[in-house]
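2 protein chains.
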Amino acid sequence: MEVKRILVVGLGLIGGSMAMALQGFDGCEVVGGVRSQRTHDKAVERRVADRVTFHPEEELPGADVVILCQDPAGIIAFLQDNRDRFKPGSLVIDVCGVKTAITEAAKCLPEGVDFIGCHPMAGKEVSGIDNAEGSLFRNTHFIITPGEHSSEEHIALLYRMAEYCRFGDVTRTTPERHDELIAYTSQLMHVIAVSVCDGDDFFSCQGFEGGSFRDCTRVASLDVPMWTQLFTLNAPALAKTVEALEGRLREYRAAIESNDREKLAAMLESAAGRKKQVNLERARGDDVRPRF
Amino acid sequence: MEVKRILVVGLGLIGGSMAMALQGFDGCEVVGGVRSQRTHDKAVERRVADRVTFHPEEELPGADVVILCQDPAGIIAFLQDNRDRFKPGSLVIDVCGVKTAITEAAKCLPEGVDFIGCHPMAGKEVSGIDNAEGSLFRNTHFIITPGEHSSEEHIALLYRMAEYCRFGDVTRTTPERHDELIAYTSQLMHVIAVSVCDGDDFFSCQGFEGGSFRDCTRVASLDVPMWTQLFTLNAPALAKTVEALEGRLREYRAAIESNDREKLAAMLESAAGRKKQVNLERARGDDVRPRF
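Residue numbers (numbering that gives the first Met the number 0), protein chains in the order written: chain A, 0 to 291; chain B, 0 to 291.
Hints are computed from structural coordinates only; laboratory data are not their basis. Just so you know, even glycine gets a beta-carbon here, dropped at the ideal spot from N, CA and C. Take these hints with a grain of salt, some might be off.
Listing some non-contacts, in silico: residues in chain B with all C-beta distances to chain A over 10 angstroms [stated by the list, open to error]:
| # | residue |
| --- | --- |
| 1 | Val2 |
| 2 | Glu28 |
| 3 | Arg37 |
| 4 | His39 |
| 5 | Lys41 |
| 6 | Asn81 |
| 7 | Glu152 |
Just so you have them, the derived chain A footprint on chain B, three or more residues with Cβ under 8 angstroms [to be verified]:
| # | region |
| --- | --- |
| 8 | 134-146 |
| 9 | 178-189 |
| 10 | 196-207 |
| 11 | 223-236 |
| 12 | 246-253 |
| 13 | 261-271 |
Build out the structure end to end from the sequences listed, making use of the hints.
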C-alpha cells in the first residue's frame, strides 16, 4: 500500500512523539493537527511534523493514514464529527489506552475506512509536546487490535510503521483482551501508585525512600482528566483486577500477622520464582509472539 | 575519634559495597569477614577489602568500628555469640532493614560498646558479592538510630563515614519510627510487587507491560529468607500499612465501580497533587533534615 500522507491528530506526548518517529516513513508527508497556539508554535519550532494545522479535519480526504492521538473522549468526538470526511480505503488508528470503547465508537465510520485500535506501551510521567521525542517507542511494545474487516495490507503497513518507529515488538489481540490485560499491567499500576501516595506517612517519609518507593510511585503524578477517562471506560475490568489485588494483599497480610514464617516464606518463594522465571524468559528471548 | 580498623562482617551486596566504599577512609584498614570459600575468593579477586578472613570474631578486639552486614538472624546471633569480644569504646553498627529487633538484641553488649542501628536505603534486585559496588550508596539515604547512650563522637563519625560513602543525606530517627516508616516505604513496596506477580495474568501479559509494570514488579525477585525475616520482625507495622493500602485500593475501586467520574477525578487530583508537591520540594531541595 502506497502512503503519501500521514495525519497525526493531537501533538501531545504520544502524538508528538509518533509524528517525530514517523518522519521520513515511505517518503510521505507527516501532517500534525493541533488545537492550541502554543502546541502549534512548539511543533513548528521543534519540527515535530512536516506541516502543522489547526484544521486536521480538512486534511482527512487526502490522508492515507490517520493517527488519532487525543484523549479517549477527543477521539470519539473526532470520529463522530468527521465520519464522512475520511478517505475511502484509508487506515485510521488511535493510540489511547482503552480499545473496546474506541473500537465501538469507530463503527460510525463508513465501509471502506479501516479502523484498527492500537496502543503503544510507551509513556512518561510528564505530558505534552515539550516532552515528545522520536525515540520514545524504542524497544517498547506496540499492541494492535485488528477486526475481521481489517485488510492484511493495512496490518502489514502497521508492522512496517511499528518497525520504523523502533518498537521492540508488535502484539496482536482483540480490543476486549487488550482492555482486560491493560487493566492489570497499566491501569492497576496507576491505582497502586496513587493509593501509595495517599498514605498517611507520604509527606513524612522523606529520607526513608529507596528505589522501590520511587519506582512504584513514579506514575502517580498522572494526567487526571485522561486517566479518569481511561479508568471509567474500562471500569469493570479495572475493578476486577483491583479487587483481586486486594485479595492477594490480604493473604500476605494474614501470613505476616499469623507469624507463620514457613507459610510466608513459601508464598514469597512462589512469587519470587514467578518473577525470576519471567525475567529469565525475557532475557533469553523465549518470546513466542510475532516480532518483526 | 581515631579509627584504625573497620571490620565488615558479611560481604554480600550491602556488606561488600560498604567495604568497597569505605576503602581509604581515614587511612584505616578495612577487614572483611566471610563464611564461604566462594565469597572469600571473590572478595580477594575484586579487592573488596584490604584483608578477608573466615574468622571475623577474632578481629573484634582490634576493630574500632564493626559493621554487621548479615541478615537479621545472623546479626542477632553474632551479637550474642561474641558479646564479650568487642573492643571497649568501639562503635558497632548494623545495616539491615529492621531496627527495633536488632537494637533490642544489641542490649547484650557490655557497657562501653556503642551500638547504633543503621540502614542504607540502597539495594538492587540481585544480591551477593558479585553485585557489590563501591558506588551503590551514591545519593541514597543513610538512616541512623542512635540511642541516649550514643556518644556525639560516634554520631559524628557515622556522618563522616556516610559522606565518604557518598550517601545523599543522613536521617536520624528512633528504631521504632524507622520500622514504622520503612514498613510503608520499603516493605510495602515488596509486598505489592509479589502480590502483582501472583496475578492470574502474570504469565500471559507479555507484550502488554509498560514502564510502570516493570518498575512496580522489579523488586519481586527478592531474597526470600532475608525478606521473610524482615517482614516477620516488623509484622505489626507492616500488617498495619498493608491493611491501610487495602482500604485505599477499596476506595478507588468503589469510585471506579460507581461510575462517579467527578469523585474519581477529585481523588486522582488529590493524589497526583501530593506526588507533584513532593517532586517539586525535592527538586528545589526544600529538605529540612540535616545534610552534610
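* Structure-inconsistent hints, enumerated in ascending order -> none
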